[in-house]
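Protein chains: 2
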Amino acid sequence: MSTSQPIADRPLAVVLLSGGMDSCVTAAIAAQQYRVAALHSDYGQRTERRERRAFEEIADRLAVEIRLVVDQRYMAQIGGSALTDRAIEVPDADPAAAESGEIPVTYVPFRNAHFLSAAASWAEALGASKIFIGAVEQDSSGYPDCRPGYYRAFNELIEVGTRPETRIEIEAPLIGMSKAEIIERGAELQAPVELSWSCYRDEDPACGTCDSCALRLAAFAKAGRRDPIRYKTD
Amino acid sequence: MSTSQPIADRPLAVVLLSGGMDSCVTAAIAAQQYRVAALHSDYGQRTERRERRAFEEIADRLAVEIRLVVDQRYMAQIGGSALTDRAIEVPDADPAAAESGEIPVTYVPFRNAHFLSAAASWAEALGASKIFIGAVEQDSSGYPDCRPGYYRAFNELIEVGTRPETRIEIEAPLIGMSKAEIIERGAELQAPVELSWSCYRDEDPACGTCDSCALRLAAFAKAGRRDPIRYKTD
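Chains A and B, in that order, give the protein sequences. Every position in the first sequence, counted from 1, becomes a number in the numbering used here once 3 is added. Every position in the second sequence, counted from 1, becomes a number in the numbering used here once 3 is added.
None of these hints come from the bench; they were simulated from the model. Among these hints, one or two may not hold up.
Not everything, but these chain B residues come out facing chain A in the computed CB check (under 7 Å) [what the hints assert, rightly or not]:
(1) Ala128
(2) Val163
(3) Thr165
We treat Cβ as the ideally placed atom computed from N, Cα and C, and that holds for glycine.
Chain A extracted, bound-state conformation (with noise of 0.2 Å):
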């Protein structure tokens, strides 16, 4: 499952960890080679104390030692997206929206930049030269910071935008893959996905209905396996 490099004798690699399950599976992705550095963003969103409990307890599994959770609830006062503005409702999943390639209301604008940029201050400070995302291209619902694009393009402004000497880059391992693959590579690297929390609308259990829980159900059922975490509609 892992080189057979000390921890201590790494590398570090800072690790964006929702606590979903695409992060569940970067983060054992990046433990393969890596010493990781989690960290967990509270945006403001509607499920955040799910997340958090799933964060650590991830974390824990994966005995990483160092943490940062970081308040980004200004996010939600920025608004305009369902998952901060508690006055726009959560949809239920939208196959049809989803493939005519419309951006949805759960978009938050420009949401990753904050992440990363959080990502990027606390590796140069850390002195990590890897920053791991469990973005998604396929399957995202269509958000544009979910695209190659986008992480070439924040790959230049870290190369500008930090002192001469850091190296840091951004790797998304799983942008290219879809959510079926994600479930197979986590099994493979017994991630503990089972500890990880995916619904935009509830805290326990999963609401099942809503685009998160929609595609992951549907990613599992593709893959041919059962999904591990409690669903209001089982």
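Guided by the hints, dock chain B onto chain A, whose structure is given.
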């Protein structure tokens, strides 16, 4: 001083208004053509209370109705800078170090990305077409995120990372100016620089000896004008 177009009909611009002299002059420039939405970040800087007062007073004077203060104090947790980490002392200005191109201890790793990400999210939520920032390359203490290439890279990131129909561009109108030129431009526009605050160390009066005070005082001397704010060294 401004176009004859009524303010309510003008395009909207988000202006990053720290409360310092550069952002004050930048806001006055933006207010000539745009309806201004002023954004201020509390990032755990030592002199935030004084800066916030400068932000509010400048915004009042420029009749800015749309204002947002974001709590980005997690930046102080990330540390690595004398501006946010109270364990690192703010040094007196050292012209030799500035000329060496060395990056000073007051540098907050990747700081401007946090401000610009907040500005871009807010601009997208408000429908603003511009983001103004008072970055200055020359006299900027060698911070890597105060160079034109950094803003080109950030504009590219906004282009790829927002909704397809979103058009937001960063303007850094002072980027090529000297501090003395900024003072002249501020005087032409009657920018309320007497309400601005630049000191890294104290709340009132300004210390007069930190990097930021030293640059400001030297610039006023060069412009042949008297700095209207109070200094301990007066």
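Hints versus structure:
1. Ala128: Check passed: Cβ of alanine 128 of chain B comes within 4 Å of chain A, closer than 7 Å.
2. Val163: holds, 5 Å
3. Thr165: holds, 6 Å
The structure is consistent with each of the numbered hints, conforming to all of them.
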